[in-house]
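Given these sequences and hints, build the entire structure.
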Amino acid sequence: MTNESAEILVFDISAGEPGFVAEIKELGGREILECIQCGKCASVCPMALAGFPVFNKKLFHAIVLRGREMLLEDSSIWACQSCNRCTEICPKDVRPFEIILAMRRVAVREYAVPALATDGLKSLYDVGHAVYLKESGNTRKKVGLPEKPPSTISYPEALKELQAILRKTALADIGLIPMGGSGVADSCEV
Amino acid sequence: MKVGFFIGCNTAFNRPDLEQAVRFSLPHLGVEIDDLEGQSCCPSWGTMPSVDLAGWSAVSARNLSLAEEKELDIVTVCGSCYGSLAETRHSLQKDPELKEKVNGILKELGREYRGTADIYQSVGYLYKIVGLDKIGPSLKYNLAGLKVALQPGCHTLWPSKIYVDREEDSFHPHILQDACRALGADIVNYSRLTDCCGMGGMRSADMERSFNLLGVKLRSIKSEADPDLIVTGCSSCLIQIDTAQAPLNKDGRINFRIPVLHYMQLLALCQGAEPEKVAGLAKTGLSGVINKIRGDASV
Amino acid sequence: MSKTGVYICHCGENIAGSVDIGDVVNFAATLPGVAVSREYLFMCSDPGQELIRQDIEDGLVDRVVVAACTPRTHEPIFRKTLEDGGLNPYLFEMANIRDQDSWAHWGDREGATQKARRLIASAVAKANLLRPLEQRYVEVQKSALVVGAGVSGMFAALDLAGMGCKVWLLDRNPSIGGNMAKLDKTFPTNDCSACILTPIMVQAANHPNIELLAYSEVEAVNGSIGNFNVTVRKKQTYIDWDKCTGCGDCVTACLGKTANEFNDGLDNRKALYIAFPQAVPKRAVLDPDNCINCAGSHIGQEHKISPKTGEPMPAPCEKACKTGACDRTKAFAPEGEKFDINVGAIIAAAGYRSMPKEPFKEYSPDSPNVITCMQLERILSATGPTDGEFHRPSDGKKPKTVAFISCVGSRDKNHHIYCSKVCCMYMLKEARLIKEKYPETVIYIFFIDVRTPGKDFEEYYNYCREMGIKIIRGRVGAVDQLPGDSLRVRAYDVDLERPVTLNADLVALATAMEPAGGLEELGRTLGITCGPEGFLKELHTKLYPVETSVKGIYIAGCVQGPKDIPESVSQSRAASSAAAVPLMAGRVPVEPFSSTVDQEKCSGCGICVPLCPYSAISREETGGKIRAGIDIALCAGCGVCAAACPSLAITLQGFTADQIFAQIDALTSVAGGGPID
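Chains Z, L and C are the protein sequences, given in the same order. 0 is the number of the first residue of the first sequence in numbering that gives the first Met the number 0; add one for each residue after it. 0 is the number of the first residue of the second sequence in numbering that gives the first Met the number 0; add one for each residue after it. 0 is the number of the first residue of the third sequence in numbering that gives the first Met the number 0; add one for each residue after it.
Hints are all accurate, no fakes.
With a cut-off of at most 25 angstroms between alpha-carbon atoms, the simulated DSS-like pairs for lysine-lysine come out as follows:
1) Lys-412(C) - Lys-24(Z)
2) Lys-469(C) - Lys-57(Z)
3) Lys-562(C) - Lys-541(C)
4) Lys-541(C) - Lys-420(C)
5) Lys-100(L) - Lys-159(Z)
6) Lys-420(C) - Lys-536(C)
7) Lys-160(L) - Lys-91(Z)
8) Lys-234(C) - Lys-256(C)
9) Lys-282(L) - Lys-141(Z)
10) Lys-91(Z) - Lys-360(C)
11) Lys-127(L) - Lys-139(L)
12) Lys-256(C) - Lys-303(C)
13) Lys-93(L) - Lys-167(Z)
14) Lys-93(L) - Lys-412(C)
15) Lys-167(Z) - Lys-98(L)
16) Lys-98(L) - Lys-159(Z)
17) Lys-106(L) - Lys-159(Z)
18) Lys-91(Z) - Lys-562(C)
19) Lys-69(L) - Lys-1(L)
20) Lys-412(C) - Lys-160(L)
21) Lys-93(L) - Lys-24(Z)
22) Lys-141(C) - Lys-550(C)
23) Lys-1(L) - Lys-147(Z)
24) Lys-127(L) - Lys-360(C)
25) Lys-121(Z) - Lys-159(Z)
26) Lys-159(Z) - Lys-133(Z)
27) Lys-24(Z) - Lys-160(L)
28) Lys-167(Z) - Lys-106(L)
29) Lys-100(L) - Lys-167(Z)
30) Lys-147(Z) - Lys-282(L)
Since the hints were derived computationally from the structure, they do not count as laboratory data.
Here you go:
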């Protein structure tokens, strides 16, 4: 009997991308080489506990072994909860959460981003909120609040300010979302 | 006493009853609320923090400057907002180069980030600034021994170093516990107190796995504590625990329902607020709990 | 006119790699006073030294300059070379063109060569003016002080005492024995710790040359090698140790209680206590902070009179004492008794402290069933709080599942960056002891790495695995408290590649081996520094591990860094051997660089007196006039007095004013290598 879905799982270290560790350090994961792979972070990471394949500890080792391609193909890092329990207990002060963010930043620059994240950014730019529900006006009225909260939704000038800021950030250089004119656009459901 | 209220996306659009609860409860404790007009998303973890440190800091610093120009501190009800804002404050404090870069961006818009505003999460604010002793006199109803299990929420605990209202022992937190006791609650413990609820990036990435994680936590709460109510310090935990119980029951992963409230909602209810306004959007039935609190048959 | 020989060393590549040796050799030959200028690959080698010796014997040179590495390591070698050639060893000057030139300016060949020229010109200028000096010696007292009477201190003391030295063996605890007395069994032999330690303790106590100073502290140390004057403070015991027999009746009668340090807080001891059953000396001590002054009795006051009987009412402890050793009416001085001793050498063997569990909040340290491995050691020990029964603290039940966690506080930036070295072995040891007695216990040890490199250690590890002790690689991130005193251990299993969870009855934390409390102050008192991790610093990690920066003061055992008993004993015996060198020789050479006063030039102004950091100068009457006089034994040759004297009456031998001015001229003049920009 043959198993058609069996793959060769050997990871070719020689085929790793040079400069990847420097890239991660540049994008915020400065202490990645101090990790000794003790596993304390992985023992309490919600990603690891929930069964995602590339959780914190694995990610760091894969980065050091320069497995950039392999990592870009996996979307586990978007399931990080930013809970920072890893940061709290890491004995080498590696700031594991920052390394995960650094990897996300690598992915964003390669457009390897899940749709939900792109939508969130688009919503942030268009209305000033990562999450915006169209029927929220009714929900708010129901509890006795004005339809619009006192945020960029109610203050177009503030939204313009936010958009001007975003246009000055790396988000504009990356070109992941359109950042032209402003205006309250459609909602982004969660 | 006055404070800037940073509302955040989920509270404003998904659970505005929580917003109402804050608008009710803080003034009842003598705290005036400033709306920080023009506030935007904190920015949340899946957006600018995942793109670029300077960009994240700039958006966040703009929000912080709204409070600074009014010489106010900030209080939030959402763990993610709390974390995003506080981490920015910390980064800009530690890294003068980053601060300069961010102020360079803000300057062209006539803004400046100085680092004078402190960020509190709602329960921490009550504990550290207002004082829990002010709560008792403001109450109309006492919980009279209602059995409460706690969900402090990851972000209110970690990374503890950067928070001004941090716990001394973030693995055995007591701030939410003390605040609930001030309402007359009877706290029932369970061993997975600091486990993550599953809301956040994970829920967006894979709802199935997110609910699995919550299932483990809920089963621990039920079997070890069996509370009347779960009280949380974070709006994200509130939404997760409130909305996930129906689907979890549906496929038999749990066979019970426990109502859940954010602490500010519970506080507002005990201070006499109308349940419709401050807790009316809950999906997991609250009528039993509300009846117990208010002691009247109708809701 | 002197005939100076200049010898320039390539030092392999170390100097030649940066400095143009050929250029410098030629330049040196042109300097005034230079008779020969030579080069060699390794001047310190036999043929290199032979070059110098031959030139001396041939009468070609009577002053020697070696341009090479650092005098710190090599000056003594070349001085010996001169001596062998028949020249006074102090007619020698060294130019450091390695550390101070070649290494510092690696890559700048032009600049390095120019600098070498100047350094050599400077050395030659001084060499031309050198005068012969006689070696000085300082007498060494044939006695030593050993600070710390644990296994390291005791072995060091026994070695020195065996060689005929008088040894004061000091410890701040009421008994000697140190941390080893707290252990149950010791790896890798699983010897009963008390069984192998007690004979040493008794030997140390009974040796005719050893005087025990238990319950004492070192207050101050003055002097230098051969002659240390140490102020010792014997702390107040409030018991007459000459009368006390260690019977323990007073302890039974005592009502005051406090946490028992010997059992790491697992149980209580009385305010009046004897350190442990095999204590040496076995004497009672009163801890006044926890004395509750029974019967209204206060130290130093007469007994209260009983209204009923009209008789004085002694305290329960006094009543119980049959020898009169416990007498609270005596006027005890609370600070104890101070006295001075004079020793030739000091060995610091003050041991370590086991880090407590409180800082590690993620492991629920408030739970009574989360303990440190030292506390577990006390539980397993027959003299411990459970009499050696394997009971857990919360309810006395025998644990069915035990989890050990390694590296708690070690390899941790937030606490101690170093590895504590012994924990891997002692966790295996404790697991093995439990498993041997109670084979049905399930034991898990969570390691980052398993480090068992010593003699017989790998075999020990294999044996433990074969017993069924489960080894897991991967750290524990959290210990949660479950209902019923149970604990949930959450770790990541590296080999299984998954997070794992385990319910345990007892969790033992291998906490770091920390510097002993008060070590920094002890270091300061002795004048030696601590390293960045807080342990006392050795002179050179590889070559001089027991010497310190202060001649005559040595270190041994865990005071220098974490190590196990075999290594501690090796090091302590190395320290006693090193200390024996000056102690047995009876005298040590001291460099002849001391200051002398020209009585003719001295005006007796006295400016130099308060400036001397070693209090070596005094104004004395000589021939009817007040003049400055320098005590050679105290003079350290720092030169402050010579620099300050307004009459230039003081000369620092080996660094005279004319020599220094000549060096300055050589460094700055054109002939020395060019103008300074």
